[in-house]
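Novice: Start from chain W and add chain X according to the hints.
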Amino acid sequence: MTLPPLNCAEAVAQLQDYLKGEITPELAERVREHLAVCRGCLQHAEFERNFLQVLETRLRVTTVPSGLRERILSALDTRPR
Amino acid sequence: MNGPADRHATFELEALPHLGSMYRVALRLTGEPAAAEDLVQDAMLKAFRAWDRFRPGSNARAWLLTILRNEFINGYRREKRGPVLVELDAAPYAIYGAVAGNDPEGRFFDSIVDERVQQALLDLPAEFREVVVLSDVEGLPYAEISEIAGIPVGTVKSRLFRGRRLLQTALYEHAVEMGYIKPRNRT
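Residue numbers (this note's numbering), protein chains in the order written: chain W, 29 to 109; chain X, 41 to 227.
Hints in this document: simulated from the structure, not taken from any laboratory. Watch out, some of these pointers could steer you wrong.
Derived contacts from chain X toward chain W, CB cut-off under 10 Å, selection only [what the hints assert, rightly or not]:
#	residue
1	Phe-51
2	Val-80
3	Phe-201
Calculated cross-link-like contacts (lysine to any residue; reagent style SDA-like; alpha-carbon spacing at most 20 Å) [stated by the list, open to error]:
#	chain 1	residue 1	chain 2	residue 2
4	X	Lys-86	X	His-58
5	X	Lys-86	W	Thr-106
6	W	Lys-48	X	Pro-181
7	X	Lys-222	W	Asn-78
8	W	Lys-48	X	Ser-186
9	W	Lys-48	W	Thr-106
The C-beta atom is built at its ideal place from N, Cα and C for all residues, glycine as well.
Next comes chain W alone, as it looks inside the complex (with noise of 0.2 Å):
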């Protein structure tokens, strides 16, 4: 069973879905194939991906603040009321 090839609108609204590895191979492989074939489409994925890019790198946080452990574990002895 052949599905028919997905046209633009159908692409661009799986993109960022498609980006993030979060929709079925199947689907994932049209996607695909419809990218291959239509310039706009991906280069509307281009954007997409680099604003993606842009969130994870801009607003991921790598350090933890000193001491928070060691104020949770202290917190932790002491009893609830």
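Specialist: Okay, now just chain X, sitting in the frame of chain W:
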């Protein structure tokens, strides 16, 4: 039956390794380091008191983030910082059509300073902010976000779609204001 020493030891072994994840999520939800530390500490203490209810072998990170998320949402409601839910018909416009002509790859995003990106995230209504933080900042799968926020995966997807679109719109409008990108040609 677990004695107090066992409880303490297993909590330290299974829950504390997720401290980094909890702090990152807390900081992006609250926007303030001090508030984030308080939120993490409150959530950890609550988790410790409920530790007997944690099923060994299940996803400790999701369990802990659920507690943290609920603490945040409850505090948010208590302080009456606006509605958690927003009108769904206030649809933001898609900006890709506006930039495709002169910046199809969205290079203008790179000109925006980190603080402005952080502020745009904080300006999102809480129900959109939480899914964007869990998915796009912390990198959790949709299924885990569904568990944490207590909503179906389909709702996770639709909130992410709207939250990301609101962010794109805010960042685009900022970039136009700052002159990083030309506004859409209206002719």
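Novice: So, for every hint listed, does it hold in this structure?
Specialist: Going through the hints against the structure:
1. Phe-51: At 7 Å from the nearest chain W Cβ, Phe-51 of chain X passes the 10 Å test, so the hint holds.
2. Val-80: holds (7 Å)
3. Phe-201: Interface hint status for Phe-201 of chain X: holds (7 Å vs cutoff 10 Å).
4. X:Lys-86 x X:His-58: holds (15 Å)
5. X:Lys-86 x W:Thr-106: holds (13 Å)
6. W:Lys-48 x X:Pro-181: Holds, at about 8 Å.
7. X:Lys-222 x W:Asn-78: Holds, at about 19 Å.
8. W:Lys-48 x X:Ser-186: holds (15 Å)
9. W:Lys-48 x W:Thr-106: violated (43 Å)
Of the numbered hints stated above, the single one contradicted by the structure is hint 9.
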